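Trainee: Sequence:
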Amino acid sequence: MAVSRRQALGAGASLLMSALVKGAFAQDYPAKPIRIIVANPPGSGLDADTRYWAAGLTSILGQSVIVDNRPGGATTIGTALAAKAAPDGYTLLMGIPSSLCYMSELYTHLPYKPTDFDAISQLTTLRSVLVAHPSLPASNATELVALAKAQPGSINVGTVGVGTFQHLLGEWFGAITGTTYKFVPYNTTSPYTALLGGETQVMFDGLPASMSNIRAGKLKALAVTGKSRHPLLPNVPTFQELGFTDYDASTWFGLLAPAGTPKPILEKLASACATVARRPEVIQRYQEYGGEPLGTTPAEFSAYIQAERAKWVPVVKRSGIKLELTS
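Reading the sequence shown from the start, the letters are residues -26 to -1, 1 to 301 in mature numbering (1 follows the signal peptide of the UniProt record, and there is no 0).
Keep in mind that a hint or two might mislead.
Claimed, not checked - In silico lysine-lysine, DSS-like type, Cα no more than 27 Å apart, as pairs:
1) Lys296 to Lys285
2) Lys6 to Lys194
3) Lys6 to Lys58
4) Lys123 to Lys194
5) Lys156 to Lys296
6) Lys296 to Lys6
7) Lys123 to Lys285
8) Lys242 to Lys192
9) Lys87 to Lys58
10) Lys296 to Lys87
11) Lys156 to Lys123
12) Lys237 to Lys6
13) Lys123 to Lys291
14) Lys58 to Lys242
15) Lys242 to Lys6
16) Lys87 to Lys237
17) Lys192 to Lys123
18) Lys156 to Lys291
19) Lys285 to Lys201
20) Lys156 to Lys285
21) Lys192 to Lys156
22) Lys296 to Lys58
Honestly, the hints are just simulated from the structure, not real lab data. As the structure is a prediction and not an experimental result, all values here were calculated from the model.
Please model the complete structure; the sequences and the hints are all you need to start from.
Mentor: Following this line, the structure appears as C-alpha cells:
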C-alpha cells in the first residue's frame, strides 16, 4: 500500500513528538521516590548492599530511593514483578547472575525473560573463593583435586540449594577438573553453620560471605578467583596461578529497569551510580572484603551480562540440572 506524503509527514511528526515528550520526561526525572526491588529477603547480603547504594543514590538524585524486598520462588517472584512494572524509571531491579544469566536454562518455565530488562549499571564485582574446614587435608585447590580424585564423591560441599550460585560454582569446578563431589543443599539454614561444624568440608561462594571466618581462622581459603592475589589474602593462590585458567567465576550485582525505559533515564541513573562508586568510602567498603565498586554505563553493563551468559549457560547444560518452580 502506497503511503502519501501527508501520511509520511504525520508519522514523522508523531515520532518527533514522542521523542520530545520522552526527553522532557527524562529531564524532569525523578519527580517522585524510586523503588528498587530486591528478590532476596531482608537482612541478606544483597539487601544490605542495595540499601547502601540506595542511600547514595538518594543523596544525588534528590528523591528517596527505597528498597522493596520480594523474596521467594528462587528469586523469580521479585524479578518477575520488576519485569512487569511500568518502564518509567520508578521501579528498578537489583539484578544478580542467577536471575539474568542462567535461571532461564535451569528452569523449564520462568515468569520473565532476561530480555525483559534494560541494563543501567553494574555496581560491583565480587571475587569468589573456595573455602574449607580446617580439618580438610588440603591446603590449596590443587590438593583438593587430588583428594577428590582419590576419593570420588566423598567430599561434602555445602550450598544454599540446588542450582544456586554456590552449587553451580562447584559444578563448574568439578567439570573442568574431572572431579565429583557430594553437594549438600541447605535451603532453610546457612551452609556456613554446617561447614564451621565440620558437617561439610568445602564450599564455593563469593568472597565477602567467607572473609570474616577466614580472618578468624575458622575456615581456610584454598584459592580465589581473579588475575592476581587478593591484597587481604596474600598467601592464598588464585585459581589461575594454580593452572585452572578456565575458572573465572565471580559474582556481581547491578541495577536494571523494565525494558523500554527511556534511554535518557537509564543514562541519568547510570551517571548517579558512577558518582556513588567513585566515593572513597564506597571504594574502601568493597575492597575490605574482596569487591570492587564499578558504576558502569548501560552499554557496558549490557555487554557484560551477555558475556556472563556465555560463560554460565554451558555450566548449567553440563550439569544436566532442570528444575520446576513450585508455588
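Trainee: Compare the structure with each hint and give your call.
Mentor: Against the structure, the hints come out as follows:
Under the criterion of a C-alpha separation no larger than 27 Å, the hint pairing Lys296 with Lys285 is consistent with the structure, at around 18 Å. Between Lys6 and Lys194 the CA atoms are separated by roughly 47 Å; this puts the pair beyond 27 Å, and the hint is violated. A threshold of 27 Å between alpha carbons decides the hint, and for Lys6 with Lys58 the separation of about 19 Å falls inside it, so the pair holds. Between the alpha carbons of Lys123 and Lys194 the distance comes to roughly 21 Å, so the proposed pair stays at or under 27 Å and holds.
Annotation: proposed proximity of Lys156 to Lys296 holds, straight-line Cα distance about 18 Å (limit 27 Å). Among the hinted pairs, Lys296 with Lys6 is inconsistent with the structure: their alpha-carbon atoms are about 41 Å apart, more than 27 Å. As the CA atoms of Lys123 and Lys285 are separated by approximately 25 Å, the hinted pair is consistent with the 27 Å bound. For a cut-off of 27 Å, the pair hint linking Lys242 to Lys192 is broken: about 44 Å separates their Cα positions.
Under the criterion of a C-alpha separation no larger than 27 Å, the hint pairing Lys87 with Lys58 is consistent with the structure, at around 11 Å. At roughly 17 Å between alpha-carbon atoms, Lys296 and Lys87 fall within 27 Å of each other, so this suggested pair holds. Distance hint between Lys156 and Lys123 is fulfilled; the C-alpha atoms sit about 13 Å from each other, no more than 27 Å. Under the criterion of a C-alpha separation no larger than 27 Å, the hint pairing Lys237 with Lys6 is consistent with the structure, at around 18 Å.
Between the alpha carbons of Lys123 and Lys291 the distance comes to roughly 23 Å, so the proposed pair stays at or under 27 Å and holds. Between Lys58 and Lys242 the CA atoms are separated by roughly 22 Å; this keeps the pair inside 27 Å, and the hint holds. The suggested pairing of Lys242 with Lys6 holds, with an alpha-carbon distance near 15 Å, which does not exceed 27 Å. Of the supplied pair hints, the one linking Lys87 and Lys237 holds, its CA atoms being roughly 20 Å apart against a limit of 27 Å.
Of the supplied pair hints, the one linking Lys192 and Lys123 holds, its CA atoms being roughly 26 Å apart against a limit of 27 Å. For the given pair, Lys156 sits about 19 Å from Lys291 by alpha-carbon distance, which is consistent with the 27 Å threshold. A distance of roughly 17 Å separates the Cα atoms of Lys285 and Lys201; the hinted pair therefore holds under the 27 Å criterion. Straight-line distance between C-alpha atoms of Lys156 and Lys285 comes to about 23 Å, which keeps the hinted pair within the 27 Å bound.
A C-alpha spacing of about 22 Å is found between Lys192 and Lys156, which places the hinted pair at or below 27 Å, so the restraint holds. Among the hinted pairs, Lys296 with Lys58 is consistent with the structure: their alpha-carbon atoms are about 25 Å apart, no more than 27 Å.
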